[in-house]
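Those sequence lines, one after another, are chains A and B. Everything in the first sequence is counted per our numbering, starting at 1 for the first residue and increasing by one. Everything in the second sequence is counted per our numbering, starting at 1 for the first residue and increasing by one.
Source of the hints: derived by calculation from the structure; they are not laboratory data. Where is the CB? At the ideal position from N, CA and C, for every residue including glycine. Careful, some of the hints might be misleading.
[Stated by the list, open to error] Computed footprint of chain B on chain A; a stretch qualifies when at least three of its residues, placed anywhere within it, have a C-beta under 8 Å from a C-beta of chain B:
1. 200 to 207
2. 221 to 227
3. 307 to 317
[Unchecked claim] Derived pair list, reagent style PhoX-like, types lysine-lysine, alpha-carbon separation capped at 25 Å:
4. A:Lys173 / A:Lys383
5. B:Lys194 / B:Lys266
6. B:Lys266 / A:Lys232
7. A:Lys346 / A:Lys173
8. B:Lys211 / A:Lys232
9. A:Lys370 / A:Lys346
10. A:Lys173 / B:Lys47
11. A:Lys232 / B:Lys194
12. B:Lys23 / B:Lys47
13. B:Lys50 / B:Lys23
Listed below are the residues making up each chain.
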Amino acid sequence: MSEPKPLSLHVPEPAVRPGGSPDFSNVKIPRAGAVPRPDVDVDPEAIRELAFSIIRVLNRNGEAVGPWAGLLSDEELIEGMRHMMTLRTFDARMLIAQRQGKTSFYMQHLGEEAISCAFRKALAPGDMNFPTYRQAGLLIAGGYSMVDMMCQVYSNSRDPVKGRQLPVMYSSKEHGFFTISGNLATQFVQAVGWAMASAICNDTKIAAAWIGDGSTAESDFHAALVFASTYKAPVVLNIVNNQWAISTFQGIARGGSGTFAARGLGFGIPSLRVDGNDYLAVHAVAKWAIERARRNLGPTLIEYVTYRAGAHSTSDDPSAYRPKTESDAWPLGDPIIRLKNHLTVKGVWSEERHKQAEAEILDTVITAQKEAESYGTLHAGGKPSARDMFEGVYAEMPPHLRRQRQQAGV
Amino acid sequence: MARMTMIEAIRDAMDVMMARDEKVVVFGEDVGYFGGVFRCTAGLQQKYGKTRCFDTPINESGIVGTAIGMATYGLRPCVEIQFADYMYPAYDQIVSEAARLRYRSNGEFTCPLVIRMPTGGGIFGGQTHSQSPEALFTHVAGLKTVVPSNPYDAKGLLIAAIEDPDPVIFLEPKRLYNGPFDGHHDRPVTPWSKHELADVPSGHFVLPLGKASIVRAGSAVTVLTYGTMVYVAQAAAAETGIDAEIIDLRTLIPLDLDTIAASVRKTGRCVVVHEATLTSGFGAELATLVQETCFFHLEAPITRVTGWDTPYPHAQEWDYFPGPARVGRALVETVEA
Numbered sequence: 001m002s003e004p005k006p007l008s009l010h011v012p013e014p015a016v017r018p019g020g021s022p023d024f025s026n027v028k029i030p031r032a033g034a035v036p037r038p039d040v041d042v043d044p045e046a047i048r049e050l051a052f053s054i055i056r057v058l059n060r061n062g063e064a065v066g067p068w069a070g071l072l073s074d075e076e077l078i079e080g081m082r083h084m085m086t087l088r089t090f091d092a093r094m095l096i097a098q099r100q101g102k103t104s105f106y107m108q109h110l111g112e113e114a115i116s117c118a119f120r121k122a123l124a125p126g127d128m129n130f131p132t133y134r135q136a137g138l139l140i141a142g143g144y145s146m147v148d149m150m151c152q153v154y155s156n157s158r159d160p161v162k163g164r165q166l167p168v169m170y171s172s173k174e175h176g177f178f179t180i181s182g183n184l185a186t187q188f189v190q191a192v193g194w195a196m197a198s199a200i201c202n203d204t205k206i207a208a209a210w211i212g213d214g215s216t217a218e219s220d221f222h223a224a225l226v227f228a229s230t231y232k233a234p235v236v237l238n239i240v241n242n243q244w245a246i247s248t249f250q251g252i253a254r255g256g257s258g259t260f261a262a263r264g265l266g267f268g269i270p271s272l273r274v275d276g277n278d279y280l281a282v283h284a285v286a287k288w289a290i291e292r293a294r295r296n297l298g299p300t301l302i303e304y305v306t307y308r309a310g311a312h313s314t315s316d317d318p319s320a321y322r323p324k325t326e327s328d329a330w331p332l333g334d335p336i337i338r339l340k341n342h343l344t345v346k347g348v349w350s351e352e353r354h355k356q357a358e359a360e361i362l363d364t365v366i367t368a369q370k371e372a373e374s375y376g377t378l379h380a381g382g383k384p385s386a387r388d389m390f391e392g393v394y395a396e397m398p399p400h401l402r403r404q405r406q407q408a409g410v
Numbered sequence: 001m002a003r004m005t006m007i008e009a010i011r012d013a014m015d016v017m018m019a020r021d022e023k024v025v026v027f028g029e030d031v032g033y034f035g036g037v038f039r040c041t042a043g044l045q046q047k048y049g050k051t052r053c054f055d056t057p058i059n060e061s062g063i064v065g066t067a068i069g070m071a072t073y074g075l076r077p078c079v080e081i082q083f084a085d086y087m088y089p090a091y092d093q094i095v096s097e098a099a100r101l102r103y104r105s106n107g108e109f110t111c112p113l114v115i116r117m118p119t120g121g122g123i124f125g126g127q128t129h130s131q132s133p134e135a136l137f138t139h140v141a142g143l144k145t146v147v148p149s150n151p152y153d154a155k156g157l158l159i160a161a162i163e164d165p166d167p168v169i170f171l172e173p174k175r176l177y178n179g180p181f182d183g184h185h186d187r188p189v190t191p192w193s194k195h196e197l198a199d200v201p202s203g204h205f206v207l208p209l210g211k212a213s214i215v216r217a218g219s220a221v222t223v224l225t226y227g228t229m230v231y232v233a234q235a236a237a238a239e240t241g242i243d244a245e246i247i248d249l250r251t252l253i254p255l256d257l258d259t260i261a262a263s264v265r266k267t268g269r270c271v272v273v274h275e276a277t278l279t280s281g282f283g284a285e286l287a288t289l290v291q292e293t294c295f296f297h298l299e300a301p302i303t304r305v306t307g308w309d310t311p312y313p314h315a316q317e318w319d320y321f322p323g324p325a326r327v328g329r330a331l332v333e334t335v336e337a
């Protein structure tokens, strides 16, 4: 043994920074159809390798192949296509609205549309999602009113949460969409509790927890896995690995762990990794995990491998920390284009139909936007009452808040 | 009616509510099979089963976070943090989530949740078994904060807290679990069996949150206090002969300002007493409210007798704990001012 040298601190760095050529050679992409589909009551120990591979259905030729294929009809896939296109259009319009000063803030889903849209289609009525701020596809695919979503973004007189929350922090109990919090990861463990409650009450409903790659570093990620594992809670634990947490590449949160899915293995939780830009794969894996939960077989952890193609938010400029062309180089492509190719190969979709759908959807979104704006935008037109500011802190307003409302003169 | 310790009264409150409402669930560290390190949940698992009363992993954020999820599902969790000193890992869940769910979702999601925490010093608990963090809760919009001082109140207030539609922080002065304590650590402790406030009605009864109790009527000075210090203030009044009106606040938020203001307007003087550290403690809020509402009736500066602005020490327990001598001096000085 040689004399020990002074220690040095390891700080992970992404492969490329602005000015460099995008490089995803380190992302190992298995062939579509290559990963087996185990029975839902499989022993977690027997499927450890699923936490290190990527479940994929759509191949390079746009064909659906392998054991995870064949769950959705053409009509369902076309519906899924329209959901993703609607979410992308919705995002584009709201992004412009923010730039026009109609609201203070917005966050897009660009490139991640398949995950929330396809997952939503695998749920049953009454199930509850505990989403982050980047799963609005759960609402779009769940049939929530786009006008209400926009009214929330505009904080106008029809805002369902009365102007109290930042834009995109939606809430809809009826649509199985838990109220979004700005505090990261808190909802991950709440979802486990909700699922435990369903089990305590011998109900048949399950919960879906959502978190991003960066937030898995939060303590509540760990808390959620411990509790889900201990009580075999009927919950699907979803990690959306879009490679970036604002400016921080996923290696900072992941550290020496091979994958985020691998985090589940230490808790004895079956853990799968899936192509997040493959609508069919997302849906198939979601369905598998939801069935496991519903059959009281316990939690499942799913890592969706995707790429955050847009800026983190309207307050962010990604060109300051990653190559501008990186999203074009992303090896799993674009979820909408991939499903489009698949439907075209099947002969149920075409360039013309796609263009027509785009036009229809744009028209629908613009109509919704006009209606939403008739109720006001952040700085113009109708807005929530200042009295609303004091309501809802408690079920019943305590004396000190009544005094303050009086002082505010509202 | 039965004579109970505070521990028994707290357990009885949970027992009553678990029998009455199947939505009530009780959990925390060592709460299930073992019945809690302070015995507050003894027998509940045996009586109601493992899905109604159970042990958890040692993770306070997990305890409160899962309880929030359960509350939004429709259960009424009554969870335990083993010591208030260990609530900090759950603070994000309490402040950012439990307190704000109703507000941020415009009432779509609500959080009928009780978080019980043994609090306070006077037991040689050192830095992490003695803290009184109530000001960290009273500062948070959306929380209610309760501190009972006797078995009767503990049961009635805990039942009210469990039935309350909003999250309630229920701080239990562990120094009072087995008997009242007036700060005279050199004298034998009287058990609750010798105390009239240990007569607790059997079955369901409620003490409304937000109502203070005048534990000693007086005319010379108003003492605003809660928890263990209620007994310290009573001892100080008796030993100094000052005719103090001692108010046990019982609930810090919502606060019974009417009872406070009526008393101070009558006495013209006010001393605030709590174990927690001075700076930015709940006493600062009380003093300000009294100043705002009773300024023209005040005949002396409002005085605070509290723990020092230091972490809670071990060996110096009785130099730290605001005992009857310190409180007594403040009463005399305020009356003579």
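Consistency of the hints with the structure:
no. : hint                : in the structure
1   : 200 to 207          : holds (count 3)
2   : 221 to 227          : holds (count 5)
3   : 307 to 317          : violated (count 0)
4   : A:Lys173 / A:Lys383 : 23 Å, holds
5   : B:Lys194 / B:Lys266 : 33 Å, violated
6   : B:Lys266 / A:Lys232 : 60 Å, violated
7   : A:Lys346 / A:Lys173 : 37 Å, violated
8   : B:Lys211 / A:Lys232 : 42 Å, violated
9   : A:Lys370 / A:Lys346 : 36 Å, violated
10  : A:Lys173 / B:Lys47  : 34 Å, violated
11  : A:Lys232 / B:Lys194 : 47 Å, violated
12  : B:Lys23 / B:Lys47   : 15 Å, holds
13  : B:Lys50 / B:Lys23   : 14 Å, holds
In terms of the numbered hints stated before, the structure departs from hints 3, 5, 6, 7, 8, 9, 10, 11, listed from lowest to highest.
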